[in-house]
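K.L.:
Single-letter residue listing:
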Amino acid sequence: MQSSAGTEPDKRAYLDVVGVGKAFKGTTVMSDMDFRVARGELVSLLGPSGCGKTTLLRIIAGLTSADAGDILLDGRAITRVPAHRRNISVVFQSYALFPHLTVAENVAFGLRARHVPKGDIAPKVSEALQLVRMSDFADRPVAALSGGQQQRVAVARVLVVDPVLLLLDEPFSALDRKLRETMQVELKSLLRDRNMTAIFVTHDQEEAMGVSDRIAVMNAGRIEQFATPSELYARPQSAFVMDFVGLSTRMRGRVKQVEGDVMQIDTASGMVRAPGALGIGTDVTIGIRPELIQQGAGENTITVTLADAMVLGAKTQLHGVSHAAEDRLLCEVPGIQTGMDRGQDVSFGWSVKDTLVYEAAH
Amino acid sequence: MRRLDHIGLLALPGLSFLAVIFALPLLLLLLKSFQIDGQFSLEEYRLFFSDEYNMSVLWRTLRVAALTTLLALVIAYPTAIAMSRANGIWLSIFLVAMVLPMSVGVVVKAFAWSIIFRTRGVLNDLLMSLGITEAPIRMLFTETALIIGAANVFLPFMVLPIYAVLRQMDSRLPEAAASLGATPVFRFVNVTLPLSLPGVVAGCAFVFSLAVSMYVIPSLIVGERQQTLSMLTARSFLFLRNEALGATISSILLIIAVSVVLGSSWLANRLGARS
Numbered sequence: 000m001q002s003s004a005g006t007e008p009d010k011r012a013y014l015d016v017v018g019v020g021k022a023f024k025g026t027t028v029m030s031d032m033d034f035r036v037a038r039g040e041l042v043s044l045l046g047p048s049g050c051g052k053t054t055l056l057r058i059i060a061g062l063t064s065a066d067a068g069d070i071l072l073d074g075r076a077i078t079r080v081p082a083h084r085r086n087i088s089v090v091f092q093s094y095a096l097f098p099h100l101t102v103a104e105n106v107a108f109g110l111r112a113r114h115v116p117k118g119d120i121a122p123k124v125s126e127a128l129q130l131v132r133m134s135d136f137a138d139r140p141v142a143a144l145s146g147g148q149q150q151r152v153a154v155a156r157v158l159v160v161d162p163v164l165l166l167l168d169e170p171f172s173a174l175d176r177k178l179r180e181t182m183q184v185e186l187k188s189l190l191r192d193r194n195m196t197a198i199f200v201t202h203d204q205e206e207a208m209g210v211s212d213r214i215a216v217m218n219a220g221r222i223e224q225f226a227t228p229s230e231l232y233a234r235p236q237s238a239f240v241m242d243f244v245g246l247s248t249r250m251r252g253r254v255k256q257v258e259g260d261v262m263q264i265d266t267a268s269g270m271v272r273a274p275g276a277l278g279i280g281t282d283v284t285i286g287i288r289p290e291l292i293q294q295g296a297g298e299n300t301i302t303v304t305l306a307d308a309m310v311l312g313a314k315t316q317l318h319g320v321s322h323a324a325e326d327r328l329l330c331e332v333p334g335i336q337t338g339m340d341r342g343q344d345v346s347f348g349w350s351v352k353d354t355l356v357y358e359a360a361h
Numbered sequence: 000m001r002r003l004d005h006i007g008l009l010a011l012p013g014l015s016f017l018a019v020i021f022a023l024p025l026l027l028l029l030l031k032s033f034q035i036d037g038q039f040s041l042e043e044y045r046l047f048f049s050d051e052y053n054m055s056v057l058w059r060t061l062r063v064a065a066l067t068t069l070l071a072l073v074i075a076y077p078t079a080i081a082m083s084r085a086n087g088i089w090l091s092i093f094l095v096a097m098v099l100p101m102s103v104g105v106v107v108k109a110f111a112w113s114i115i116f117r118t119r120g121v122l123n124d125l126l127m128s129l130g131i132t133e134a135p136i137r138m139l140f141t142e143t144a145l146i147i148g149a150a151n152v153f154l155p156f157m158v159l160p161i162y163a164v165l166r167q168m169d170s171r172l173p174e175a176a177a178s179l180g181a182t183p184v185f186r187f188v189n190v191t192l193p194l195s196l197p198g199v200v201a202g203c204a205f206v207f208s209l210a211v212s213m214y215v216i217p218s219l220i221v222g223e224r225q226q227t228l229s230m231l232t233a234r235s236f237l238f239l240r241n242e243a244l245g246a247t248i249s250s251i252l253l254i255i256a257v258s259v260v261l262g263s264s265w266l267a268n269r270l271g272a273r274s
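If you read the sequences in order, they're chains A and B.
For the first sequence, numbering that gives the first Met the number 0 begins at 0 and goes up steadily by one.
For the second sequence, numbering that gives the first Met the number 0 begins at 0 and goes up steadily by one.
Since the hints were made in silico from the structure, they are not lab data.
As the structure is a prediction and not an experimental result, all values here were calculated from the model.
Errors might be hidden in some of the hints.
Examples of chain A residues toward chain B, derived with CB under 8 Å [as the list claims (entries may be wrong)]: (1) A60; (2) L62; (3) S64; (4) L71; (5) R75; (6) T78; (7) H83; (8) V89; (9) F91; (10) S93; (11) F97; (12) A112; (13) R113; (14) T266; (15) A267; (16) M270.
Over the 12 Å line for every Cβ pair with chain A, so calculated as not near, a few chain B residues [said to hold, decoys possible]: (17) R45; (18) F140; (19) F185.
Pairwise CB distance ranges, derived in the manner of DEER restraints [to be verified]: (20) A/G146 to B/I88: 47 to 57 Å; (21) B/G262 to A/E180: 49 to 59 Å; (22) B/A81 to A/K117: 50 to 60 Å; (23) A/G118 to B/F21: 34 to 44 Å; (24) A/D135 to B/P77: 36 to 46 Å.
Glycine residues also receive a C-beta, built at the ideal position from the N, C-alpha and C atoms.
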């Protein structure tokens, strides 16, 4: 597995979505969408519902036609190739198992559709079921399975046909939290072992960070940022990405003064220094990751009244409300912090370099 | 259990109504068919089945019902698929087109067909003006005309159950099949068709039951020339004054209807058990 290093554009594209546009009944869902995935990469399309991520997935699968643009797979245009000849398989949110068939018959479906000789089907099916640890359920009707088992069958059903690209639409959303985490780890290693190229569609940022090499954060039919999980978290390119990926404290302010590459920003809760050189008078949104805020004074300091101290096991989350304004600040400290009282005054401090600044949208 | 009994009471008015108005007369009719001079006897049935004419009527009735069901199915299935994919105004148009004709009396519809089929009727005029035929073809009073007319009248009873099943089907299923490499034909044969079978069974049961016992449509389209079981029943009661024969034929019709209902629900259960 190659390491994926951010958004470098020279990466040879395996899947290349070029200038794709789509409108439903006059409403533009996306326009001029570009999106590239390298061979063997696990990528997530992350965004709120209605951002166009599922539409993009369906266009790649050939289940929805694009109004404009091209889809290239391994250099070959497949834009007008029907879904059943693309060899791109989809795992649906509902799994879409065939209710009238048994587990084994579901897995065999793609092989039968491809006219694989009868004698070769059974061994392939049992191998695929073994892979997802569902061999004991081969002859059960799928309706008798639990959500996790259904998902395993859905995965076996697509892996057995050895697709050139695997698309997964919210594959974990129907599972409870614990099972979801187990299945994410399992599925990721299964896909890695087979060097499968896969695209996950999800609205869950933790899931996206857990399963993918790179994440494309989508908003209103556009990709806001396409980067590795760590880059996305550390250097979100927009306030939307910052908000959507991980928790953060947000404040509004206006640039008061610029000294070299440090700005003085006037907020309702006091002066905040941040890196950058936007014009004086620019309205901005400031963000700080909660784990980068410490108790006590720092390069930036805001005094807050403690509204809540939530012990979350490995860390304690402190919710503060600033004195001067009603800005809510979030601070995460490692370990279990006791002896913090609500209503107590504390100082939150953080470094200038950890302050994220975005021009406010008007 | 007590609660269930209370709720069961709600069915009482309907049950007693059916018992007095429907079940009791039916029972008397059944009894009559098994009696001669107050004694239990199968003689009426022996007489009925040994009569060649009666057998030809029975056979024609079953054949017409089966062909009507088949024709209705062939027309209804694509219609139901189109309806299951339609939305908004188109779906409303389809549903109205299905349901509205049901409010037109069957006599009116049968007459309409006789206008189309008669010697100097709409269809013959059309065929002759197109030069397809020189002399009018005799269509009215034929079995073909009867089957076409009956299939038309009973069509909604075939379309609606199939439509209901297809509408319920997860639209992701054919898509999943496509993404697994299945061609449209393979998808239809292996996904859509098997999943729609319960609707097909229900629709066939409805139409066959209706067609086997129809009276007005054959009376108006084929007339006395070719009798069916229900016309024979009416004739035995009204003209021949042979109540025993009428009761026997009614009972045979009842047995056919009951076996269709039981057979179709058994089939639907078997199909349903898998999914």
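K.L.:
Each hint needs a verdict: does it hold in this structure or not?
P.N.:
Hints, one by one, checked against the model:
The beta carbon of A/A60 comes within 6 Å of a beta carbon in chain B, closer than 8 Å, and the hint placing it at the interface holds. Of the supplied interface hints, the one on A/L62 holds, with its beta-carbon coming within about 5 Å of a beta-carbon of chain B, less than 8 Å. The criterion of a C-beta within 8 Å of any C-beta in chain B is not met by A/S64, whose closest approach is roughly 13 Å, and the hint is violated. The closest approach between the C-beta of A/L71 and any C-beta of chain B is roughly 19 Å, which is over the 8 Å cut-off, so the hint fails.
With a cut of 8 Å, the hint placing A/R75 at the interface with chain B is violated, because the nearest CB-to-CB distance is about 17 Å. Look at A/T78: its Cβ only gets to about 16 Å from chain B, farther than 8 Å, so that hint breaks. This hint holds: A/H83 has a C-beta 5 Å from the nearest C-beta of chain B, less than the 8 Å allowed. The criterion of a C-beta within 8 Å of any C-beta in chain B is met by A/V89, whose closest approach is roughly 4 Å, and the hint holds.
At a threshold of 8 Å, the smallest CB-CB gap from A/F91 to chain B is about 5 Å, leaving the interface hint in force. A cut of 8 Å between beta carbons decides the hint on A/S93: the least distance to chain B is about 6 Å, and the hint holds. For A/F97, the shortest C-beta to C-beta distance to chain B is roughly 6 Å, which falls under 8 Å, so the interface hint holds. Look at A/A112: its Cβ gets to within about 4 Å of chain B, closer than 8 Å, so that hint holds up.
Hint status for A/R113 relative to chain B: holds, with the closest Cβ pair at about 5 Å, below 8 Å. With its C-beta approaching chain B no nearer than about 48 Å, A/T266 sits outside the 8 Å limit, and its interface hint is violated. For A/A267, the interface hint is violated, since its Cβ never comes within 8 Å of a Cβ in chain B; the closest pair sits about 49 Å apart. Interface hint status for A/M270: violated, as the beta-carbon distance to the closest one in chain B is roughly 55 Å, over 8 Å.
Listed as a non-interface residue, B/R45 keeps its Cβ farther than 12 Å from every Cβ of chain A; the least gap is roughly 46 Å. For B/F140, the requirement that its beta carbon stay farther than 12 Å from each beta carbon of chain A is met, with the minimum near 45 Å. A beta-carbon of chain A comes within 12 Å of the beta-carbon of B/F185; the shortest separation is about 5 Å. At roughly 38 Å, the beta carbons of A/G146 and B/I88 sit outside the given window of 47 to 57 Å.
Here the CB-CB span from B/G262 to A/E180 is close to 51 Å, well matched to the stated 49 to 59 Å. At roughly 35 Å, the beta-carbon separation of B/A81 and A/K117 lies outside the given 50 to 60 Å, and the hint is violated. Distance hint check: the CB atoms of A/G118 and B/F21 are about 58 Å apart, inconsistent with the given range 34 to 44 Å. Against the hinted window of 36 to 46 Å, the Cβ-Cβ separation of A/D135 and B/P77 comes to about 42 Å, which satisfies the hint.
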